[in-house]
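Based on the hints, put chain B in the right spot on chain A.
Letter by letter, the chains look like this.
2 protein chains.
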Amino acid sequence: MEEKMYQKILKIDLSTGKIEKEQISHEISKNFIGGRGIGTYLINSMVNKKISPFSEENPLIFATGPLTGSAAPTGGRYMVLCISPLTNFIACSNSGGMFGAELKKTGFDYLCFTGKAKRPVYVVINNEKVEIKDAQDLWGKDTHETTDFLLENSGLKNPRVACIGPAGENLVRFACVINDKHRAAGRSGVGAVMGSKNLKAIVVKGSKRDYARNQERFIETVKAKVEKLNSHPVTGEALPKLGTKVLDNIINEHGAYPTRNFQTGIFEGTEEISGEALVEKKYLKKNKGCYGCPIKCGRVTELPTKNRGEGPEYESGWAFGAATGVRDLIAITEANYLCNLYGLDTISTGVTIACAMELYEKGFIKKSDLNSGPSPNFGSSESIVYYTRALSFREGLGDKLAEGSLRLSREFGAPELSMSVKGQELPAYDPRGVQGQALAYATSNRGGCHVRAYLIAPEVLGIPEKLDPQETKNKANWVKIFQDLTAVIDSMGLCLFTSFALGAEDYLELLNDFIGCNYSMDEMFKCGERIWNLERLLNMKLGLTKEMDTLPERLLKDALSEGNQKGNVARLDEMLPEYYEIRGWDENGTPKSEKLKELGL
Amino acid sequence: MEEKMYQKILKIDLSTGKIEKEQISHEISKNFIGGRGIGTYLINSMVNKKISPFSEENPLIFATGPLTGSAAPTGGRYMVLCISPLTNFIACSNSGGMFGAELKKTGFDYLCFTGKAKRPVYVVINNEKVEIKDAQDLWGKDTHETTDFLLENSGLKNPRVACIGPAGENLVRFACVINDKHRAAGRSGVGAVMGSKNLKAIVVKGSKRDYARNQERFIETVKAKVEKLNSHPVTGEALPKLGTKVLDNIINEHGAYPTRNFQTGIFEGTEEISGEALVEKKYLKKNKGCYGCPIKCGRVTELPTKNRGEGPEYESGWAFGAATGVRDLIAITEANYLCNLYGLDTISTGVTIACAMELYEKGFIKKSDLNSGPSPNFGSSESIVYYTRALSFREGLGDKLAEGSLRLSREFGAPELSMSVKGQELPAYDPRGVQGQALAYATSNRGGCHVRAYLIAPEVLGIPEKLDPQETKNKANWVKIFQDLTAVIDSMGLCLFTSFALGAEDYLELLNDFIGCNYSMDEMFKCGERIWNLERLLNMKLGLTKEMDTLPERLLKDALSEGNQKGNVARLDEMLPEYYEIRGWDENGTPKSEKLKELGL
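Each protein sequence line maps, in turn, to chains A and B. According to the working numbering, the first sequence is numbered sequentially starting from 1. According to the working numbering, the second sequence is numbered sequentially starting from 1.
If we strip away everything but chain A, and leave its shape as in the complex, we get (with noise of 0.2 angstroms):
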């Protein structure tokens, strides 16, 4: 027998103050599953054309998946979905960390927050109750800083935090929310839209818990789960030992390690960067993981300079380190401290330093242009941490860093620089190395990002299985299998890390086990595909043509020149005509109605 789903949401009107609880249909539950899946169904309800997202029209949701809060390993995940004010399109931005737990104790599943408060203000959700309070004395502070003021003063006993840094106060285009000091919902300028409705921070406190309607069932499901992931040799070893930086030399040695802005594939100094020497320099002290993970990847660090934090994760990384040629692992860990403290998306703030180095080279930008920072050569280790604060705070250059890679190359008359899609900038992988992820790249719904199918699994580590990396006959489908299963993973509240140990019939064991819902294995990808398409038509409401289902010119047209990769390119033709067919779209890019039907959109 199937059991009824019944998730709550609470809305806030910050232009009004008025608050609003309700429950989302068994129906939409069972269509959309939860977290990414049920946030972009809201955020299509209630966005019905384009909108500019600084204006109050913007929705900003806080969502939990079904499994967050549960004993499922890595059932701790939230995410926060916006129209992007990086890309205009749909954004939603996975964290881990406490908070996304402690929000499901609320009893809540979804925050909804409209409107625009007229002066700063922070949320305090304990259980039922629900207050705004003023939060004049928090602006201008770090997160840090913010998070423990309000652990210290907000009245409750160990409450979890979510706030904007800085960045997302000056409105920095890809300024994020963090949440425990350390964890991030990362990319497309989430915290920069929290920051325009002059929202602070979220305070929960909850004391409910959700109960697998078979729990004894589920426990032992969950026991076998962590088995896996515990023998695994990535999630039982290698994320573990080195953590996400175990990618460095694999990445680099394939010859798809994008450097000093997607110049060449492989990066002279990934030795002295990579997570191999975060471990010898002894710059890590200890692992640490997110709610309900065996797998611990996170990196407790501290410097010679004595400056203590997390990370950098390899994208992190990788961004201030090989996309800038920078190879001191200090000043790369320090930029990526200050990415925390002041709320910054890493990957973004790295690749638009980078691409500001190869403008400031190639001549675009002048000296004069640098209202006296450093001048931002490739490899200047002073120029990612002054220009991480600087663009913080949109001082001097900082200002046009702010805005990200691609306006800020259109504005010095060299956009073709931009190492982004659809305004996104790329993360670590060279996709003319890698032929599926390229293709992922350029379809992925929310602009240039690894994590909305990651081919680097089967294209260079070999899981489930190896693929050759420069086919591209039959990667578009599966790249449409790993989208699919990626949002479910998402929209279910876990970590999509557990995907290197399990495959779809684990999470397909645990979502019916946990909800009693009764997923057939088709039922489940049918969501993922759901999901996908619903963002897709999102999209396109708000503007997005076939025209932009691309990557930068650069790597279409320029062939690598060194590296196992040389001369290869990304070959994006022979790949998007049969993803769109695959997809049940026509030569647009447009869902045709049969595919909307089938999923009953």
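A portion of the hints provided could be inaccurate.
Any copy, or any two copies together, can satisfy a pair, since identical chains are not distinguished.
Claimed, not checked - Taking lysine-lysine and the DSS-like style, the derived pairs with C-alpha atoms no more than 25 angstroms apart in a straight line are:
| id | residue 1 | residue 2 |
| --- | --- | --- |
| 1 | Lys546 | Lys282 |
| 2 | Lys592 | Lys546 |
| 3 | Lys286 | Lys306 |
| 4 | Lys105 | Lys8 |
| 5 | Lys205 | Lys141 |
| 6 | Lys592 | Lys50 |
| 7 | Lys50 | Lys4 |
| 8 | Lys366 | Lys282 |
| 9 | Lys367 | Lys241 |
| 10 | Lys367 | Lys285 |
| 11 | Lys400 | Lys296 |
| 12 | Lys282 | Lys141 |
| 13 | Lys592 | Lys228 |
| 14 | Lys306 | Lys285 |
| 15 | Lys18 | Lys8 |
For the record, the hints were derived by calculation from the structure and aren't laboratory data.
Here is chain B on its own, set in the frame of chain A:
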């Protein structure tokens, strides 16, 4: 009528805990003035043969001058003397801040520590009351933690603290004594000798005030000197505005800015790391002066990394910058902060790391010697921060760096790569571009040093008149006069920087007005000469030979290959014989008996 001087010394035997208070005779006071002069007299009377600097036989003296604590401009200096573990000769390191004036207010002009405490101790001096206290809990703490703890827990209101950091505890041969958190008795390893005695800190609090014999006239004299300082372009404008780092661009343009371990004399990154850059990049927050100082050359700085401290000064910024080829002003400043925290001489730290870089690039230090530390290539910003920490704790290669560049380069088979004189690292002026300074370096009684006779003033800055820097004739005479006058200024307790604006007659006036000693100009200079010769005699007793009055071979034989000093070497042989003669020394550099008789030695 001549007034009598009664200077007081507090003797503390750390082995037995015995405390004695003694008076210094008027005769000695008149002959050696105070501070450096009487400090040297005391050391010389206690050390009668070659000793191991880390043995209990090495006395450690804290010395104020008669004008320390007075209203005289910059009248807050104190000195730390002992036998140096870096040179094995006399060490006398001068510091500002507030500690010296407070020490004077206790009624003691000198502290003399002998022996060695069984366990870590600190000493509290509250006027006449002297206590030796257990410092077990402070051992291992950095200078800021130590100072903060003692400021809070000494039971005294606003005391002043001088202490050592981990570097001194770990007997790093160029560890310093730090007072008031940011001021250093920097050179020659006086902090390591303090560490060898298990003496962690000295806390002073006094309420006595030593007035001038003719206070009214003295105050008028002081006013006139302050006016001179305020209206001079160096002390009234350049130093307040840019600090000592005003020199970066000047010395680089002169072609004598030692770069990459003195391989060349111009640095391509000077502009980015200059005093001007420190202001323009907004790392400078405000100026800060020591006790009684109208110049206020101190720099209170804050970095984008959020770390805050003081400096870097010209020498420190150069040692971690041009000397190591690093052009990252953030990393340079972080390394400088670490020197203050761990208690390290910045010049020797930077130049020793620069030496390691040349040893590494030339293959003497191998990758396997690095113990997973970053590759110490010239320009490696990470290395200057990493190895500053590593050598403080003697970790990995840091254990060898902690011995200083001479012992390091000998260990790796290339002693010619140590840019040192008598074992002490050279400061920020390439002697090939300033011949008088070359002679001053070679004959300095404490080894490689610019503040025993700062010939840069006449040879580059034109103060008090412009000399041709490549002329060798008559430079011996200039060096002698500068050496003798500097010994007087140090011994009085004033800052050498006053000598940009003040002349010998000004010091004579201040000295006579304050202590009422009625020195003639000739007598005052004779005091300086007496001190200089006593230092020389003491060094000879400790094993000094004329062969050590020299410079690294590179500076004597390899001509500079670029810049304004292209083609020049240091022409020491054209000056040294003349210098010996003018000094009244024989051809072996030994003071002749007539000279000793003349000086009463």
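Here is how each hint holds up against the structure:
| no. | hint | in the structure |
| --- | --- | --- |
| 1 | Lys546 with Lys282 | neither (48 angstroms within a copy, 46 angstroms between copies) |
| 2 | Lys592 with Lys546 | within (14 angstroms within a copy, 95 angstroms between copies) |
| 3 | Lys286 with Lys306 | both (16 angstroms within a copy, 23 angstroms between copies) |
| 4 | Lys105 with Lys8 | within (12 angstroms within a copy, 72 angstroms between copies) |
| 5 | Lys205 with Lys141 | within (22 angstroms within a copy, 38 angstroms between copies) |
| 6 | Lys592 with Lys50 | within (22 angstroms within a copy, 95 angstroms between copies) |
| 7 | Lys50 with Lys4 | neither (35 angstroms within a copy, 91 angstroms between copies) |
| 8 | Lys366 with Lys282 | between (39 angstroms within a copy, 20 angstroms between copies) |
| 9 | Lys367 with Lys241 | between (43 angstroms within a copy, 24 angstroms between copies) |
| 10 | Lys367 with Lys285 | between (40 angstroms within a copy, 24 angstroms between copies) |
| 11 | Lys400 with Lys296 | neither (37 angstroms within a copy, 37 angstroms between copies) |
| 12 | Lys282 with Lys141 | between (30 angstroms within a copy, 20 angstroms between copies) |
| 13 | Lys592 with Lys228 | neither (39 angstroms within a copy, 87 angstroms between copies) |
| 14 | Lys306 with Lys285 | both (12 angstroms within a copy, 21 angstroms between copies) |
| 15 | Lys18 with Lys8 | within (17 angstroms within a copy, 77 angstroms between copies) |
When each numbered hint is compared with the structure, violations occur for hints 1, 7, 11, 13.
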